[in-house]
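Protein chains in written order, with my numbering: chain A, 1 to 163; chain B, 1 to 419.
Honestly, the hints are just simulated from the structure, not real lab data. For glycine and all other residues, C-beta sits at the position ideal for the given N, C-alpha and C. Some clues are possibly wrong.
[To be verified] Label pairs and their computed distance ranges (CB to CB):
hint, chain 1, residue 1, chain 2, residue 2, range
1, B, A76, A, K9, 34 to 42 angstroms
2, A, F144, B, G98, 40 to 48 angstroms
3, A, K111, B, G50, 38 to 46 angstroms
4, B, Q16, A, A139, 19 to 27 angstroms
5, A, L162, B, K323, 53 to 61 angstroms
6, B, E171, A, T115, 38 to 46 angstroms
Each chain, letter by letter, is given below.
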Amino acid sequence: MKVTGTAHKVGDHIDTDAIIPARFLVTTDSKILGDNCMAGLEADWVKRVKKNDVLVGGENFGCGSSREHAPISILGAGIPVVLAKNFARIFYRNGFNMGLVLLELGDDIDKIKDTDQIEVDTATGEVKNITTGTTIKAAAVPPFMQKILDVGGLVEYVREKLA
Amino acid sequence: MGQTLAEKILQKHTDQEITEAGQIVQCRVSMVLANDVTAPLAIKSFKAMGAKKVFDQNKIALVCDHFTPNKDIDSAEQVKGVREFAEEMGVTHYYECGDVGVEHALLPEKGIVGPGDVVIGADSHTCTYGGLGAFATGMGSTDIGAAMALGETWFKVPSTIKVNITGTPKEHVSAKDFVLNQIGQLGVSGALYKALEYSGEVVDNMSIEGRMTIANMAIEAGGKVGLFSVDQKTLDYAATAGFSGGEAMTPDADAVYERVLNIDVTDMEPQIACPHLPDNVKPVDETAGVRIHQAVIGSCTNGRIEDLRVAAAILKGRKVDPKVRCIILPATPAIWKACMREGLMEIFMDAGCIVGPPTCGPCLGGHMGILAGGEVSIATTNRNFRGRMGSLKSEVYLSNPAVAAASAIAGEIINPAKL
Ligand code: SF4
Chain A
1 MKVTGTAHKV
11 GDHIDTDAII
21 PARFLVTTDS
31 KILGDNCMAG
41 LEADWVKRVK
51 KNDVLVGGEN
61 FGCGSSREHA
71 PISILGAGIP
81 VVLAKNFARI
91 FYRNGFNMGL
101 VLLELGDDID
111 KIKDTDQIEV
121 DTATGEVKNI
131 TTGTTIKAAA
141 VPPFMQKILD
151 VGGLVEYVRE
161 KLA
Chain B
1 MGQTLAEKIL
11 QKHTDQEITE
21 AGQIVQCRVS
31 MVLANDVTAP
41 LAIKSFKAMG
51 AKKVFDQNKI
61 ALVCDHFTPN
71 KDIDSAEQVK
81 GVREFAEEMG
91 VTHYYECGDV
101 GVEHALLPEK
111 GIVGPGDVVI
121 GADSHTCTYG
131 GLGAFATGMG
141 STDIGAAMAL
151 GETWFKVPST
161 IKVNITGTPK
171 EHVSAKDFVL
181 NQIGQLGVSG
191 ALYKALEYSG
201 EVVDNMSIEG
211 RMTIANMAIE
221 AGGKVGLFSV
231 DQKTLDYAAT
241 AGFSGGEAMT
251 PDADAVYERV
261 LNIDVTDMEP
271 QIACPHLPDN
281 VKPVDETAGV
291 RIHQAVIGSC
301 TNGRIEDLRV
311 AAAILKGRKV
321 DPKVRCIILP
331 ATPAIWKACM
341 REGLMEIFMD
351 AGCIVGPPTC
361 GPCLGGHMGI
371 LAGGEVSIAT
381 TNRNFRGRMG
391 SLKSEVYLSN
401 PAVAAASAIA
411 GEIINPAKL
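Chain A on its own, in the form it takes in the complex (with noise of 0.2 angstroms):
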């Protein structure tokens, strides 16, 4: 899959209290949670993102809380790849289980600006810098979490697995 799309960067060591905060963790409807990406960053945050785009964290992207409200609130948003130096842990698990693509690529993370023009080839790993011309891949992601994404999530996996 290849999504093109723009850039919006954050910080490092954004939470999953800043990705969605407690008040909306009394649903799990995605277009409520969608709705409400970053509203822990930054009120209307999402206003600016249009559908594929890119969302550009740094360190330790995700820290904090399980809540799987976090990776639906950005797939909610529109977001179908979250680029960062790198991911927490749980964060990182729940993104695959959900969907999301999430890719790691470290100190090439600072080459991304916000607003650049970003086109990602999720199946490589390729990401393309359209507004800067440079091209960075990202680490690969490990075979196991390959296999998951391969079916179309954990929903999936289990779901063989129970047939």
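Go by the hints and put chain B with the ligand onto chain A.
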């Protein structure tokens, strides 16, 4: 090659041979946990997976603790869904009413989790049970839904950072200070994907409650688990709680560690994590004088009886600053009762505290103590992210129970030694 605690526990729950960190292993789980926030999603995933029954009705714990007693219609609807699922599946460990407490205080106390277990929970502070020598870690709801159906999950075997805590702590310096200091040194991502393993004389002499306080905050350094050896104290605690099984366990002498962090606590002052990250840690005197509007003493970090005794010792015969809401939330009904029995409730009420039911409440900005813009809270909880306890313009300082109680009296952050 010798094994770390993490490797030892995982090995007991898998048929694969664990040879190195980074390996992916399938493990059987001893207990699967979710709460009123995360269970609804786990149940949704469980059903979407086509699962018809849980793998073992006695190995699932559903604890409705975050917004309890339900704060609004939406949270009530969520809990209703969880209750119906628990009834349908015959889940034995379901807690919602007079028996509910903060999950990570409740499960150890009830002997539902114990030494040597592998526990996964749809809550990031599931790592608390590492204090009992359980490999316990947080995951998202869908992983939990899968484990409810399958009774197993996969882990990447973590590499381990050994934290060696030695010395003689001063008065008013306790487990919370050691772990805050450690988070300050490692940073909030310093233990990302890794296990923390604790050793040293301070840890050996520490109560199980203190160990759980430290294990609780493993995640605040990004860690997967925070593990303690299983000694006689652990076994006694587990047996009293009614946990069956468990045996003494120490890491092998030739276990391989990625790094060893030595912390000498002899000269340590009480530690404060300043806004807005748990690794922004300073000795209390550097934050002294910060005006507070609220003090929260409770949570899965420091809401146990030992913590409340410490708070009561400071509050006894004193008054909370009339401009401060000092909210005390004993973490479980049994702790609440112990507070009554030991006369702590009298002390709290005389001092002008607000005593609430066992609930997560303000810890996650749920209810019962939400901050307005510009308000500042000191709290014995574990996270001070921006907006965690309410307004994006509010601030949370994390401390031990002695500092929180002393600050409630002073109306500003203060070293209890200087009260
Ligand atoms: S007390 Fe706070 S940290 Fe602990 S489980 Fe509840 S919300 Fe989470």
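Comparing the hints with the structure gives:
no.: 1; hint: B:A76 with A:K9: 34 to 42 angstroms; result: holds, 39 angstroms
no.: 2; hint: A:F144 with B:G98: 40 to 48 angstroms; result: holds, 43 angstroms
no.: 3; hint: A:K111 with B:G50: 38 to 46 angstroms; result: holds, 43 angstroms
no.: 4; hint: B:Q16 with A:A139: 19 to 27 angstroms; result: holds, 25 angstroms
no.: 5; hint: A:L162 with B:K323: 53 to 61 angstroms; result: holds, 57 angstroms
no.: 6; hint: B:E171 with A:T115: 38 to 46 angstroms; result: violated, 54 angstroms
When held up to the earlier numbered hints, the structure conflicts with hint 6 and nothing else.
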